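Given next are the chains, with one letter for each unit.
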Amino acid sequence: MLEFQGSTILFTLINLVVLYLFLRKFLFGRVNAILEQRAQKIQQELEIAQQERTEAQELKVNYEQQLAQARDEAERMVADARLRGQRLYESKVQEAQKASQRIQKEAEGQIAQQRAEMLQGVRSEVASLALMAAEKVACRQIDTQQEKAMIDAFLLEVGEHS
Amino acid sequence: MEAFQEMLTEELGNEIMFTIPIGNGIPVANSVVISWIVLLILMGATLILTRNLKMEHPKKGQLALEGTIEFLNHFVQENIGTHWKGFAPIIGTLALYLITANLIGIFGVAPPTKDISVTASLALISFFLIYGAQFRYNGLLGGLKKFAEPMPLLLPINLMEVFVRPLALCMRLFGNILGAFIVMEMLKFVIPVVLPGIFSIYFDLFDGTIQMVVFVFLTTLFIGEGIKEEE
Amino acid sequence: MSIGIIAAGVAVFTGIGAGVGIGIATGKASEAIARQPEASGKINSALLLGCAMAEGTAIFGFITALLILFMG
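Residue numbers (our numbering), protein chains in the order written: chain A, 8 to 169; chain B, 155 to 385; chain C, 3 to 74.
It should be emphasised that the hints constitute simulated quantities derived from the structure, not laboratory data. None of the values given here were measured: they were computed from a predicted structure. Treat the hints loosely; a few may be bogus.
In silico EDC-like links for lysine to aspartate or glutamate, alpha-carbon gap of 16 Å or less [stated by the list, open to error]:
#1 B:Lys208 <-> A:Glu142
#2 B:Lys342 <-> B:Glu164
#3 A:Lys143 <-> A:Glu164
#4 B:Lys239 <-> A:Glu154
#5 A:Lys48 <-> B:Glu210
#6 A:Lys99 <-> A:Glu115
#7 C:Lys44 <-> B:Glu232
Facing chain B, from chain A, some residues (calculated, C-beta under 7 Å) [said to hold, decoys possible]:
#8 Phe18
#9 Thr19
#10 Tyr27
#11 Leu34
#12 Leu90
#13 Gln93
#14 Leu95
#15 Tyr96
#16 Val100
Examples of chain B residues lying across from chain A (beta carbon under 10 Å, computed) [as the list claims (entries may be wrong)]:
#17 Ser185
#18 Trp190
#19 Val192
#20 Leu193
#21 Leu203
#22 Gln216
#23 Ile270
#24 Leu276
#25 Leu278
#26 Leu307
#27 Ile311
#28 Glu315
Virtual Cβ for every residue (Gly too), placed ideally from N, Cα, C.
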């Protein structure tokens, strides 16, 4: 029982070699291939995910830039409109002021003219009244140049006093 | 007592099953035939288990298989280092053969590892693996230089180890399985019921697994020792 | 024959050494694992190696006993 049997050793060697070749092909080969495939697939998917994430990041940055631009534009437009409105308002106010001033001046002019005309009328009226009164008083007609001048001078004097 | 001794002697001898009539006749021992059965079991199981492997949505069986192979790959990689890829299937084959051969004793068949010729053959394989790897990956000179490591003074011991390692591997496996077998036979002789079943769990299952682990572990470790680069 | 049986019994006494050695090694390994549970993997492999080596002596004794019994 303790002797080495040449044929058994040889047979066992052959058995093991056959088993090794068989298992290498059908067990380890197949399973390792599957494992490797899976590892590769996972690697690929990781890479794809990474890529997609980078792309998404870029897109996000882009959008944010665009959004900021749009906001700036809107703000600029609002400020523009406000400025324009202000300017319009101011010019309108000025125009209105000018118009009112002009109207006032015209009115003042008219008033002054009317007053002057009235004064003239009154003055001539008063003069004729005075003349009539003087005629009545003197009962005669004053037609000499000298007297007329004298009355005028008097009236002027009165006018200045009144 | 005499009867028991006779029975034991009969059990221990490796009878020759039949002789192939070529030349002087090549004797085929019992253990070789059982080895063939082991081979058939392993091949059948392999074909059934790897029948349709899928990359996506693997089933439980496939997951277990993948886990085992990954464990083996990891173990070999850890112990051998960079050149592990070619060794993993060899180590795996040894492990599968040994565990099946050791555990076949449960079914009442004499395990082939009880035959010293079979274990000698296994030790021969691990001898070729260890020193083949050492010379293959270090070159002739580098492989020779490995014997003078860690210091030249240890050269005789290292040279002695070349023979002691395979001998120890062979004898350890043989002795353990044979010892377990003898104890089991004695138990069966004394109390034929119940008790052998309980002890069979320890001697066949536990001891068989442990011996497989030890053989594979030592072989891997020795290979790694021969070719691993100094860290 | 009787002297051969006695010789075989003496040869099997190598098992004492192996038993003591494996016992000590396992005890130390348990202590080490208790101290550093995270290193249990490495400790286990070292223990396995040591036990295999220690067991080798017992196995050689056993083989010697067998040789004496059946060959002597």
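Status of the hints after comparison with the structure:
1. Restraint check for Lys208 of chain B and Glu142 of chain A: the C-alpha separation of about 148 Å exceeds 16 Å, so the hint is violated.
2. For the hint linking Lys342 of chain B to Glu164 of chain B, the alpha-carbon distance of about 15 Å falls within 16 Å, and the restraint holds.
3. Between Lys143 of chain A and Glu164 of chain A, the direct Cα distance comes to roughly 22 Å. Violation of the 16 Å bound is thereby established for this hinted pair.
4. With a C-alpha separation of about 153 Å, the suggested pairing of Lys239 of chain B with Glu154 of chain A is violated against the 16 Å cut-off.
5. For the hint linking Lys48 of chain A to Glu210 of chain B, the alpha-carbon distance of about 10 Å falls within 16 Å, and the restraint holds.
6. With a C-alpha separation of about 24 Å, the suggested pairing of Lys99 of chain A with Glu115 of chain A is violated against the 16 Å cut-off.
7. Restraint check: the Cα-Cα separation between Lys44 of chain C and Glu232 of chain B comes to about 11 Å, which is no more than 16 Å; the hinted pair holds.
8. Against a cut-off of 7 Å between C-beta atoms, the interface hint on Phe18 of chain A holds, since the closest Cβ of chain B lies about 4 Å away.
9. For the restraint placing Thr19 of chain A at the interface with chain B, the shortest Cβ-Cβ distance is roughly 4 Å, inside the 7 Å limit, so the hint holds.
10. A least Cβ separation of about 4 Å between Tyr27 of chain A and chain B falls short of the 7 Å threshold, and the interface hint therefore holds.
11. Hint on Leu34 of chain A holds. Least Cβ distance to chain B is approximately 5 Å, under the 7 Å limit.
12. The beta carbon of Leu90 of chain A is not positioned within 7 Å of any beta carbon in chain B (closest approach about 66 Å), and the interface hint is therefore violated.
13. Nearest Cβ of chain B to the Cβ of Gln93 of chain A: about 70 Å, over the 7 Å cut. The hint is violated.
14. The beta carbon of Leu95 of chain A comes no nearer than 72 Å to any beta carbon in chain B, farther than 7 Å, and the hint placing it at the interface is violated.
15. The beta carbon of Tyr96 of chain A is not positioned within 7 Å of any beta carbon in chain B (closest approach about 73 Å), and the interface hint is therefore violated.
16. Here the hint on Val100 of chain A is broken, as its CB sits about 80 Å from the closest CB of chain B, past 7 Å.
17. Because the smallest distance between the Cβ of Ser185 of chain B and any Cβ of chain A comes to about 6 Å, under 10 Å, the interface hint for this residue holds.
18. Look at Trp190 of chain B: its Cβ gets to within about 7 Å of chain A, closer than 10 Å, so that hint holds up.
19. Hint on Val192 of chain B holds. Least Cβ distance to chain A is approximately 8 Å, under the 10 Å limit.
20. Of the supplied interface hints, the one on Leu193 of chain B holds, with its beta-carbon coming within about 5 Å of a beta-carbon of chain A, less than 10 Å.
21. Interface restraint check: Leu203 of chain B against chain A, minimum CB-CB distance 8 Å, threshold 10 Å, status holds.
22. For Gln216 of chain B, the suggested interface contact is upheld, since its CB lies about 8 Å from the closest CB of chain A, less than 10 Å.
23. Using the Cβ-Cβ criterion of 10 Å, the hint placing Ile270 of chain B at the interface with chain A is satisfied: the shortest such distance is roughly 6 Å.
24. Checking Leu276 of chain B against chain A by beta carbon gives a least distance of about 7 Å; that is within 10 Å, so the hint holds.
25. Taking 10 Å as the C-beta cut-off, the interface hint given for Leu278 of chain B holds, the closest approach to chain A being about 7 Å.
26. The beta carbon of Leu307 of chain B is not positioned within 10 Å of any beta carbon in chain A (closest approach about 34 Å), and the interface hint is therefore violated.
27. Annotation: interface hint on Ile311 of chain B violated; nearest CB of chain A at approximately 26 Å, more than 10 Å.
28. This hint is violated: Glu315 of chain B has a C-beta 21 Å from the nearest C-beta of chain A, more than the 10 Å allowed.
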